[in-house]
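Colleague: Each chain, written out:
Protein chains: 2
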Amino acid sequence: MTTYQISTELITNKKEKTPADQLGFGQVFTDHMFVMDYVEGQGWVNPTITAYAPIELSPAAMVFHYGQAVFEGLKAYLTEDGEVQLFRPDRNFKRLNDSNKRLCIPAIDEELALNALKELIRVDRDWVPSAPGTSLYIRPFIIATEPYLGVNPAKNYKFMIILSPVGSYYKEGINPVKILVEQHYVRAVVGGTGEAKTAGNYASSLKGSELAAQQGYSQTLWLDGKENKYVEEVGSMNIFFKIDGKVITPALNGSILPGITRDSMIQVLKSKNIPVEERAIAFEEVLTAAKNGTLEEVFGTGTAAVISPVGELKWLDEIIAINDGQIGEVTQMLYDTLLGIQYGTLEDPFGWTIKL
Amino acid sequence: MTTYQISTELITNKKEKTPADQLGFGQVFTDHMFVMDYVEGQGWVNPTITAYAPIELSPAAMVFHYGQAVFEGLKAYLTEDGEVQLFRPDRNFKRLNDSNKRLCIPAIDEELALNALKELIRVDRDWVPSAPGTSLYIRPFIIATEPYLGVNPAKNYKFMIILSPVGSYYKEGINPVKILVEQHYVRAVVGGTGEAKTAGNYASSLKGSELAAQQGYSQTLWLDGKENKYVEEVGSMNIFFKIDGKVITPALNGSILPGITRDSMIQVLKSKNIPVEERAIAFEEVLTAAKNGTLEEVFGTGTAAVISPVGELKWLDEIIAINDGQIGEVTQMLYDTLLGIQYGTLEDPFGWTIKL
Chain A
1 MTTYQISTEL ITNKKEKTPA DQLGFGQVFT DHMFVMDYVE GQGWVNPTIT AYAPIELSPA
61 AMVFHYGQAV FEGLKAYLTE DGEVQLFRPD RNFKRLNDSN KRLCIPAIDE ELALNALKEL
121 IRVDRDWVPS APGTSLYIRP FIIATEPYLG VNPAKNYKFM IILSPVGSYY KEGINPVKIL
181 VEQHYVRAVV GGTGEAKTAG NYASSLKGSE LAAQQGYSQT LWLDGKENKY VEEVGSMNIF
241 FKIDGKVITP ALNGSILPGI TRDSMIQVLK SKNIPVEERA IAFEEVLTAA KNGTLEEVFG
301 TGTAAVISPV GELKWLDEII AINDGQIGEV TQMLYDTLLG IQYGTLEDPF GWTIKL
Chain B
1 MTTYQISTEL ITNKKEKTPA DQLGFGQVFT DHMFVMDYVE GQGWVNPTIT AYAPIELSPA
61 AMVFHYGQAV FEGLKAYLTE DGEVQLFRPD RNFKRLNDSN KRLCIPAIDE ELALNALKEL
121 IRVDRDWVPS APGTSLYIRP FIIATEPYLG VNPAKNYKFM IILSPVGSYY KEGINPVKIL
181 VEQHYVRAVV GGTGEAKTAG NYASSLKGSE LAAQQGYSQT LWLDGKENKY VEEVGSMNIF
241 FKIDGKVITP ALNGSILPGI TRDSMIQVLK SKNIPVEERA IAFEEVLTAA KNGTLEEVFG
301 TGTAAVISPV GELKWLDEII AINDGQIGEV TQMLYDTLLG IQYGTLEDPF GWTIKL
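As they're listed, the protein sequences go chains A and B.
The letter at position 138 of the first sequence is residue 138 when you use this note's numbering, and the numbering goes up by one with no holes.
The letter at position 55 of the second sequence is residue 55 when you use this note's numbering, and the numbering goes up by one with no holes.
Rather than coming from a laboratory, the hints here were simulated on the basis of the structure.
Label pairs and their computed distance ranges (CB to CB):
#1 A/Asn46 x B/Gly133: 36 to 42 Å
#2 A/Asp336 x B/Leu316: 48 to 54 Å
#3 A/Lys94 x B/Lys101: 35 to 41 Å
#4 A/Asn273 x B/Lys101: 45 to 51 Å
#5 B/Lys101 x A/Asp263: 34 to 40 Å
#6 A/Ser218 x B/Ala280: 34 to 40 Å
#7 B/Ser7 x A/Glu285: 56 to 62 Å
#8 B/Ser7 x A/Asp81: 56 to 62 Å
#9 A/Ala53 x B/Thr8: 25 to 31 Å
#10 A/Gly325 x B/Gln42: 37 to 43 Å
#11 A/Pro275 x B/Ile319: 48 to 54 Å
#12 A/Glu56 x B/Gly133: 32 to 38 Å
Each residue gets a CB set at the ideal place from its N, CA and C atoms; glycine is no exception.
Here chain A stands alone, though its shape is the one from the complex (with noise of 0.2 Å):
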C-alpha cells in the first residue's frame, strides 16, 4: 500500500466558463491542474493540485532538446444523473508507464495518479461541460525537465495533468472523413517508438497531413515502415476494416499505438458474436475488397472522436469510395454502444465506467 499526500492549493477567483458552442477542442483549460516533481535519488515528490498556469523551465531543459516526452488522453463525461465517470482510466496510467519504460522515463505511481486525477476534477468539477456531446477532456503528460545538453535519460522530470472542457466532436453530425494512403512519409517502424504515446510520434505526422490537406484528404492513412504495404494507422486513430462480414483490424505489432477506444471496441463486437480479427492486413487486401465489392465499412477510433467512419480512400491513382459515403451499421453500433456507456444512458457490462 502507497502512502502519499496530495497538497491542494486552491485558487480564489475562478476563470469564467466559455459557453459550450465555443468550446472546440484542447483550446480552454479548467483553474486547477496537478502537478508533481521527479528529482533523482528521491523519486516523484511533491504531488500538488494547484492553480493552471505557465511553468517556468530553463531553456536548457531537456523536453526542449531530447524529446522525452509522454502522454495521454481521456474525458469524463457528465451523466444523466449529474454524476461525472471516467473510462477506462487505469488503462491511460498503465500505457503512459509502458511509454515510459520505452522513453527511459521513471515510472509512476498508477494508484496516485488516478487519485491525484479524481480530486483534481472534483475540485474542478464545475468544469465538466453539460451540453450533449460535450466532456471534459484529460491530458495527463511527463517531460523532461533537467537543464542539460546532454543526449541522456533525465534526471528531473514534472508529471502534470491539465483538464479541457471540450464541444461535441459531431456537432453537425457524423461526416465519414476522406483518407489518403501515404506512399512517402512513414509514422513509424517496429523497433521505434510508434508503441508508445510519445511527443516525437505526433510531429513526425505532421507532414503527411499536411501534404493529405492540399489534395482535399483529411487524414493519412499510415503503411508500415518496413515494406510500405500493411496498414497501421489512419491520423491518430487506429482503424478497423469490415470486410465481407468480418471486421479487421491491424495486430500490436510493435510500431502501432495500443489504443484503448481500439480494445473497447473489439470486446464491443465479440460481446455481439460480430466476428473481429486482428492481423497484418495488407493495403492490397483493402483493394481487392473494394473492388470485389466486400469492404463493406472502415473507420477509425481514438479517444477523442470515439469513432470516425471513412468514407474514401485514395491510394495513388485509384479512388475507394466506402459505403457510398456513408456511415455504415456496424460503425453506428460501436458509435452508440460507446458513448451511451461513457455518458451513462447504456449499462456498462464491461465494468468500464469509475464515478468519481
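Chain A is fixed; fit chain B onto it per the hints.
Modeller: Below, chain B alone, put in the same frame as chain A:
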C-alpha cells in the same frame, strides 16, 4: 536584402565563470541568450539578445505534447591570436531550416540567425574558454509554444540560441570506444525523421544506449529500420569504416543525419587523395573485412567529439577488435586536421572558418 533590428538588453551582474577543468559538457550557460518569436500572420518577430533566464510556457504548449522541436549544435573556438571563430555556421542554419521543413515549422532567416549568433557571442565573448581543447558550444533550437492540444502544426514558436562553455572532450587522451550493434531498437527509417535534427530522434535512441551501457558498451551502432542490415549511425554520430585502404561511410539515404563534421571529413579525405566512398554498407561487409584482416579503422564523427575512434564492435555474440584498440592513422590525421582548422593552428584551405 532582409532588414531587421536585433534588440539587446544586457545584464549588469555577470555570473562567475566556471574553471575550465570543471566545465564538462552542456551544464554551464553564459549570461545571455538570443530569443525570437514566431506569430502566425506576422512571421518571426522581436529578435532579442537578453539575459539567460528561464522561460515561461503554458502547460498546453505544443512542444510538450506533439514534439515540434528542432535544434542544431556547433562551436566557437578561441584561436592562438585571441580571435573567436566559428566552423561552418551557415551549414547549421541551413540544416535547421531543412529540419523545420520536415516538422512543418516556419523557416527562419538564415542570415539573421548567423548575425544574431555573432552578436550574441560578441556580448558573451569573455565566456569563450581558452584552455586547450575547450570551446563554446552553441545550441540554436526552435520549439512550438502555442497552447493547444490539437494535432496540427503550431501557430507560435520560439527560436533561441544558448551558449555553453565546454571542457576538452579528450582530457585524458583519445580512448577508442566499445560499440554494441543494436539488434532490436531502431533509430530511424526512410520516410521518418532520421535526416532531420529533431528532439524525438534523440528520445527514441535512449533505450538502446541504456541497454548497451548495461553490457559495458558506450554507444549503439544503429542498423537500418527496414532490413536491419545496413549501417546507419553510431550513437548520435555519423560513422566511417576504413577497409583495405578505402574509407566508406553510409550514403545519405533519408534516414541518416547529414552531419557537417561528416561532410568536412569527406572533403579532408578527398583533399589528401585518400579514397572515400559514400554508399550503403551492410554490417556483413564490416564483419567479413574484420575476419579477413582488412578492417583497418572505424570512427564516429560529430560536433561534440569531432571524431570518436571505435576500438571494439559487438554484433550478436561476435566481438570484433579494431586496430588493437588503438586510434588509427587516418582517424588521427582527420582529428588533427579538423581541430587544427577549428582552432586556427592550421591553414583553412576550405574556407570553413568565420571570424567574429
